[in-house]
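Undergrad: Listed below are the residues making up each chain.
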Amino acid sequence: MVRTSRISLVAAGALTALALAACSSSGGKQSTSGGTANAGNAGTPKMTVALITHAAPGDTFWDLVRKGAEAAAKKDNVDLQYQSDPDGANQANLVQSAIDKKVDGIAVTLAKPDAMKANVMKAVQGGIPVVALNGGIDAWKSMGVLGYFGQDEKIAGEAAGERLTKDGAKKALCVIQEQGHVGLEARCDGVKTTFPNTEKIYVTGTDMPSVQAAITSKLQQDPSIDHVLTLGAPFALTAIKSVKDANSSAKVVTFDTNKDLVTAIKNGQVDWAVDQQPYLQGYLAVDSLWLYKTNGNMLGGGQATLTGPAFIDKTNVAAVEKFAGNGTR
Amino acid sequence: MTAAAIEPSRGEAARDDRVAHRPLAARLLSRPEVGSLIGAIVIFALFMAVAPPFRNVANVGTILYGASTIGIMAVPVALLMIGGEFDLSAGVAVTTSGLSASLLAWNFGLNVWVGILLALVVSVAVGAFNGWLLFKTGLPSFLVTLATFFILQGVNLGVTRLLTGNVATADITDMDGFHSAHTMFGSEVTVGPVTLKITVLYWVVLTLVAAYVLLRTRVGNWIFAVGGDAAAARAVGVPVKATKIGLFMAVGFCAWLSGMHLLFQFNTVQSGEGVGKEFIFIIAAVIGGCLLTGGYGSVVGASIGALIFGMTQLGINYAGWNPDWFKTFLGVMLLLATIVNVYVKKKADLR
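If you're matching them up, the sequences are chains P and Y in order.
With our numbering applied, the first sequence has no gaps in its numbers, which climb one by one up to 1800 at the end.
With our numbering applied, the second sequence has no gaps in its numbers, which climb one by one up to 339 at the end.
Just chain Y, same shape as in the assembly:
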């Protein structure tokens, strides 16, 4: 009996479904970002049908801008989520970065670029602090970064008021280096009828770099490994601590990039801004196929998630729907996009 039972299973080993060649369509459809891509196409088609200004090519720039300000942060947040952690301080950290650059330059009469570099140090340090705290305390990142979220909120307000006597930064447009910095972080280029803000460029570059790192390098494997099972990853020699702290620092870097855009696009930064944005970044990552449990996901998907968010937000305006229901429309659209996403993934996994 036993021998007979083993015999056929040996014969099947050659056709082990773990190494079987799956059809190309199924392999494509089971990529984490495909669901979000189809969601994006559905949302796109919907607004193309109902909102005439949505069809105007010149307005593409506005939509891409809306998406890029989310996407720049959604990309590192997605990486972090694949690595198994959350960062609830990501939204406020953007404000902290903008405030740091402006306040340091203004208060000490520095060249604006010095303020920008100091802000980079501050932002990356905040990320490193999050990561360090995570390992020092052993608490879930949800709690640790929630604490940072509150700390930064208070610091943003307190320090701004202490230095300027107001709750927004002072005007730095007349300081050395402002104009070159504005070109770097707040300029725009016109391609045919479309005016593109520079954030769109940063967003695309970030997405490509992050996708390459995640899928084609050893670091990318580490990220998947620490998110999937940190203990197992450590056992096979993956530097778990360095990887996770590095991911938090990547979020810090992107917060800096966003913060600089905030500062140089609007010239001043309000110290209360950014609260609530952390969830939008996480939502974009989840729409893009990241699992809340870590170990699975895609940065391209997160960028598509940001695009869905941008299209929905502005599409509702373009469609001219009753603004009282704006948030409801937004919620329903996001739910639809996510359901399509899950449905497609399930179908593909079954094949």
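Okay, chain P solo, but in the shape it has when bound:
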């Protein structure tokens, strides 16, 4: 017994020494002080809201939507139930399960409107208030949905195309990370209407090394490409590496942001990003359901409430950076 305890003592000592040596002197998780602003409780009875999106698991964009929704839920005394499925039929089933649970409100993305229509209308007819966000700007009204919060992808694409023209671009490469995604196609099509010399390329968004190699090979094949336009922040960060690999002088620009992308804009690795303010989409969707429930209010006056496009570039990145650090921009 004495012997074993001595051995374990030595082992513990060695482990402690190892653990100390193993520590990093910089970086890592910072203890959060303060955290997100706590504006207190709205003082209304608890209500349940289901937020149902078409997010693919692990997409940083949806972190921001969800955080916005959670912030509104916290303020408004809402029990938020977040669910997502990139498959249209599965997402429609999630709406059905929300109806079955008799939630007080549903916020839903309509990226695949045809698949969603039947169940969304069933919810509306069953007296559950529904708002749409992020996708489905052409479809929400016909389903009896109360409001829409998002950007018009085509308009956002056109804005990006105008910006490319203004920047004096010669040829742009529009990188689509999911083949057959209506919203992403609409962005590239929008870019094409205002900046015709745009070429599309499809990459496998769930496989970063292949994204990098694909963009690199395209840049090697066509040296006249001087702007790479990605449709998601993580892909912009990969495109920076591709440009370097291909010894190209192309500039990287993108749709959507995350924390690392804001840093990349600050460092000049990415010229600009089209921001559709995902945090705002999530926040407004939940908050508007609360307003409707407690006071019968509705935003937008029957029209879509646009949350974008806004541009983030070197001139305004400092203001955004502070919030990006909290993971909310």
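Treat the hints as calculated values from the structure; they're not laboratory data.
Treat each hint with caution, since some may be false.
[Unchecked claim] Partial list, derived from the structure: chain Y residues whose beta carbon lies under 8 angstroms from chain P:
no., residue
1, Leu34
2, Ala37
3, Pro41
4, Ala93
5, Trp94
6, Gly97
7, Leu145
8, Asp159
9, Thr171
10, Leu250
11, Phe254
12, Glu261
13, Tyr306
14, Trp309
15, Gly319
Quick reminder that beta carbons are idealized off the backbone N, C-alpha and C, glycines included.
Chain P is fixed; fit chain Y onto it per the hints.
TA: Showing chain Y alone in chain P's frame:
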């Protein structure tokens, strides 16, 4: 009658075709990897003809990089398939490994290298778990690793969100040990006009080591034996359980290597990555001559399979073909490569 019937067969015993000396060409052509080699040459010639940037020597590095990220995993997956098992969790396990290293180091403020070593433990443990489960349940590895595939997918997402509040790992570039680790797993060397990523080196070394083990050592014989007929192998004293669990652990080790590249090449890891890659590894192994039933195949072939995949993927871009049809081109190319493969093998076996 009986005696007469036996007599000539005795005379022929000296010329038994099982031990007959076959022509060198036939022996070479019946190697499992030859079909894929010819497939690779055909694909190579095709893109040389239609895609001008494909002919540029400087772009070899890009193609080899694309192939190496598949090849590093295709090699152990091929070994496992020769050993008669599948691993459907191999693609997601790469992500798990990258996430483990990054999250452990970040969350506990550890030196990055400690995170890397812990990730190695996690990855090999996942492989051992797959193997253990296989023998514990007696279910086909297809089912067992499918379960692991889903479990890991959920764990990747859940743990990342729990620790960071986001779905991607936090930035660890400012932590101790990052730069040396980046050199180890994400650096590149320039040889003449060609820039080679370090993964290419790992890929080649892995292929050579695995080929040696498979063809020149006792362990290699065990792998063929357990894949051919596990019961018979056990009867002649082959440690079936250890061999198979070892193979799963080898997949885990290579998943770790790939995962470290993923982390140090891109600095962050998205928790949803890797889904669907397991099939690409299996396809590469099959193009390279592995049978889905086990007991037959080649790691060199699997590496050539990865090369075919890399050449096709990037060759389509180099050729500038309409991207709408990208996946279709990819499918047709792979089908062609496989058909050539089977055709050559059949011809050779007939001789």
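Undergrad: Indicate, hint by hint, whether the structure satisfies it.
TA: Hint-by-hint comparison with the structure:
1. At its closest, the beta carbon of leucine 34 (chain Y) sits 16 angstroms from a beta carbon of chain P; the interface hint therefore is violated under the 8 angstroms criterion.
2. For alanine 37 (chain Y), the suggested interface contact is broken, since its CB lies about 15 angstroms from the closest CB of chain P, more than 8 angstroms.
3. Against a cut-off of 8 angstroms between C-beta atoms, the interface hint on proline 41 (chain Y) holds, since the closest Cβ of chain P lies about 4 angstroms away.
4. Below 8 angstroms, beta-carbon pairs count as interface contacts, and alanine 93 (chain Y) has one with chain P at about 7 angstroms; its hint therefore holds.
5. Because the closest C-beta pair between tryptophan 94 (chain Y) and chain P is about 5 angstroms apart, less than 8 angstroms, the hint holds.
6. Interface hint status for glycine 97 (chain Y): upheld, as the beta-carbon distance to the closest one in chain P is roughly 4 angstroms, under 8 angstroms.
7. Evaluation of the leucine 145 (chain Y) hint against chain P yields a held restraint, the C-beta minimum of about 5 angstroms falling below 8 angstroms.
8. A cut of 8 angstroms between beta carbons decides the hint on aspartate 159 (chain Y): the least distance to chain P is about 6 angstroms, and the hint holds.
9. Interface hint status for threonine 171 (chain Y): violated, as the beta-carbon distance to the closest one in chain P is roughly 16 angstroms, over 8 angstroms.
10. Satisfaction of the interface hint for leucine 250 (chain Y) is found here, the shortest Cβ-Cβ separation to chain P being roughly 7 angstroms, below the 8 angstroms cut-off.
11. A cut of 8 angstroms between beta carbons decides the hint on phenylalanine 254 (chain Y): the least distance to chain P is about 5 angstroms, and the hint holds.
12. Hint status for glutamate 261 (chain Y): holds, given a least beta-carbon distance of 5 angstroms to chain P, under 8 angstroms.
13. Using the Cβ-Cβ criterion of 8 angstroms, the hint placing tyrosine 306 (chain Y) at the interface with chain P is satisfied: the shortest such distance is roughly 5 angstroms.
14. Against a cut-off of 8 angstroms between C-beta atoms, the interface hint on tryptophan 309 (chain Y) is violated, since the closest Cβ of chain P lies about 10 angstroms away.
15. Violation of the interface hint for glycine 319 (chain Y) is found here, the shortest Cβ-Cβ separation to chain P being roughly 13 angstroms, above the 8 angstroms cut-off.
Checked against the numbered hints above, the structure breaks hints 1, 2, 9, 14 and 15 and satisfies the rest.
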